[in-house]
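Construct the complete structure from the given sequences, taking the supplied hints into account.
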Amino acid sequence: MKNVMKVQFSSISANESFARVTAASFIAQLDPTVDELTEIKTVVSEAVTNSIIHGYNNNPNKFVYMECEIDHGEITLTIRDEGIGIGDIEEARQPLYTSKPELERSGMGFTIIENFMDHVEVFSKAGEGTKIIMKKQLITSRTVCN
Amino acid sequence: MSLEANFEVRENVLVVRLSGELDHHEAEILRDKWKDQMYENPIKHVLLNLESVSFMDSSGLGVVLGRYKEVLQLGGEMVVCSVTPPIQRLFEMSGLYKIVRQAENESYALTALGVAS
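In the order they appear, the protein sequences are chains A and B.
Heads up: the first sequence is residues 1 to 146, going by the working numbering.
Heads up: the second sequence is residues 1001 to 1117, going by the working numbering.
These are calculated hints, taken from the structure and not from any lab test.
Please note that the accuracy of each hint is not assured.
Said to hold, decoys possible - Output of the computed footprint for chain A on chain B, the stretches with three or more beta carbons under 8 Å from beta carbons of chain A:
(1) 1021-1030
(2) 1051-1059
Unchecked claim - Derived DSSO-like pairs (lysine-lysine); straight-line CA-CA distance at most 30 Å:
(3) Lys100/A - Lys131/A
(4) Lys100/A - Lys1033/B
(5) Lys100/A - Lys1098/B
(6) Lys62/A - Lys125/A
(7) Lys1033/B - Lys62/A
(8) Lys2/A - Lys135/A
(9) Lys1069/B - Lys100/A
(10) Lys1098/B - Lys1035/B
(11) Lys1044/B - Lys100/A
(12) Lys62/A - Lys100/A
(13) Lys6/A - Lys1035/B
(14) Lys6/A - Lys135/A
Stated by the list, open to error - Here are some chain A residues the structure puts well away from chain B; computed CB gaps all over 12 Å:
(15) Gln8
(16) Glu16
(17) Arg20
(18) Asp31
(19) Asn58
(20) His72
(21) Gly73
(22) Gly85
(23) Arg105
(24) Asp118
(25) Phe123
Glycine included, every Cβ here is placed at the ideal spot set by N, Cα and C.
And the structure:
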């Protein structure tokens, strides 16, 4: 059975912890391992941070949209903004790449997301925003299904 | 949950003990405090104790790498200690151990940096 959670919140950095705790609470019903919970919290944190810093250039008056769907132990997380968009997605996904070196960014956000999730897709259009869809099958649920 | 930072100077080593969650929000606050400590004290090395850090992401890595660059300019070294498994994974993934030394705990780290216990 599909189960969906949607939330939107102001693009302020204090909401990064709100977003990851919210996603973690929602997937808790799948009985994830501690590692899986950490992975989900980390990717939410990375994607929301990207929207706030890069999508919205730290403008606090915008909104970040998060949707989480669980279906037979598979988690689909969608994080979306209506910000400036990413010009070159392939470049942005490279390890250590950052468009804002002056901000002490490590450039590892996308790399971490790709490591922690099974499948990652990024959609972006200049001036319209960015949407990242991330999927992960939980190990515990996979065992139960088989 | 927010982040707490405790700073202590042991000879020429700045010991930084963090506790809580180190994300983008907390990294921006921590950066200024950490920088001030590095310039206000006559230190050469930095020891980062991560024992009580319950969450860290790429923004946390950014603030650590930023201070690493400053330690290099002082001619010193950065050592991290008491790294928990999730952060260990993050550090290995990012290649941090190519530039930063790891120690099991604070006491081993201080010995490695030449501080008498």
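We went through each hint and held it up to the structure:
1. Judged by the Cβ-Cβ criterion of 8 Å, the stretch 1021-1030 of chain B is covered by chain A as claimed, because 6 of its residues qualify and three suffice.
2. For the stretch 1051-1059 of chain B, the stated coverage by chain A is satisfied: 4 residues place a CB nearer than 8 Å to a CB of that chain, which reaches the threshold of 3.
3. Of the pairs offered as hints, the one joining Lys100/A and Lys131/A holds, with about 20 Å between alpha carbons and a cut-off of 30 Å not exceeded.
4. Between Lys100/A and Lys1033/B the alpha-carbon distance is near 21 Å, which keeps this suggested pair within the 30 Å criterion.
5. A hinted pair counts as satisfied when its Cα atoms are at most 30 Å apart, and Lys100/A with Lys1098/B qualifies at roughly 23 Å.
6. A C-alpha spacing of about 17 Å is found between Lys62/A and Lys125/A, which places the hinted pair at or below 30 Å, so the restraint holds.
7. Restraint check for Lys1033/B and Lys62/A: satisfied, since their Cα atoms lie roughly 29 Å apart, inside the 30 Å limit.
8. Between the alpha carbons of Lys2/A and Lys135/A the distance comes to roughly 14 Å, so the proposed pair stays at or under 30 Å and holds.
9. Annotation: proposed proximity of Lys1069/B to Lys100/A holds, straight-line Cα distance about 17 Å (limit 30 Å).
10. For the suggested pair Lys1098/B and Lys1035/B, the alpha carbons sit about 23 Å apart, so the restraint of at most 30 Å is met.
11. Annotation: proposed proximity of Lys1044/B to Lys100/A holds, straight-line Cα distance about 28 Å (limit 30 Å).
12. For the suggested pair Lys62/A and Lys100/A, the alpha carbons sit about 20 Å apart, so the restraint of at most 30 Å is met.
13. Annotation: proposed proximity of Lys6/A to Lys1035/B is violated, straight-line Cα distance about 39 Å (limit 30 Å).
14. The straight-line distance between the Cα atoms of Lys6/A and Lys135/A is roughly 16 Å, inside the 30 Å bound, and the hint therefore holds.
15. Every C-beta of chain B lies more than 12 Å from that of Gln8/A, the closest at about 18 Å, which supports listing it as non-interface.
16. The beta carbon of Glu16/A sits about 5 Å from the closest Cβ of chain B, which is not more than 12 Å, so the claim that it is off the interface is violated.
17. Here Arg20/A does not stay apart from chain B, with its beta-carbon only about 8 Å from theirs, under the 12 Å limit.
18. In this structure Asp31/A is separated from chain B by more than 12 Å, as the shortest Cβ-Cβ distance comes to about 19 Å.
19. Some Cβ of chain B comes within 12 Å of the Cβ of Asn58/A; the nearest lies about 10 Å off, and the non-interface call is violated.
20. Separation of His72/A from chain B is adequate, the least Cβ-Cβ distance of about 26 Å exceeding the 12 Å criterion.
21. Separation of Gly73/A from chain B is adequate, the least Cβ-Cβ distance of about 21 Å exceeding the 12 Å criterion.
22. With a least beta-carbon separation of about 20 Å from chain B, Gly85/A lies farther than 12 Å from that chain, consistent with its non-interface assignment.
23. Chain B draws Arg105/A into its interface by the beta-carbon criterion, the shortest separation being 5 Å against a cut-off of 12 Å.
24. Listed as a non-interface residue, Asp118/A keeps its Cβ farther than 12 Å from every Cβ of chain B; the least gap is roughly 16 Å.
25. The Cβ of Phe123/A lies farther than 12 Å from every Cβ of chain B, with a closest approach of about 21 Å, so its non-interface assignment holds.
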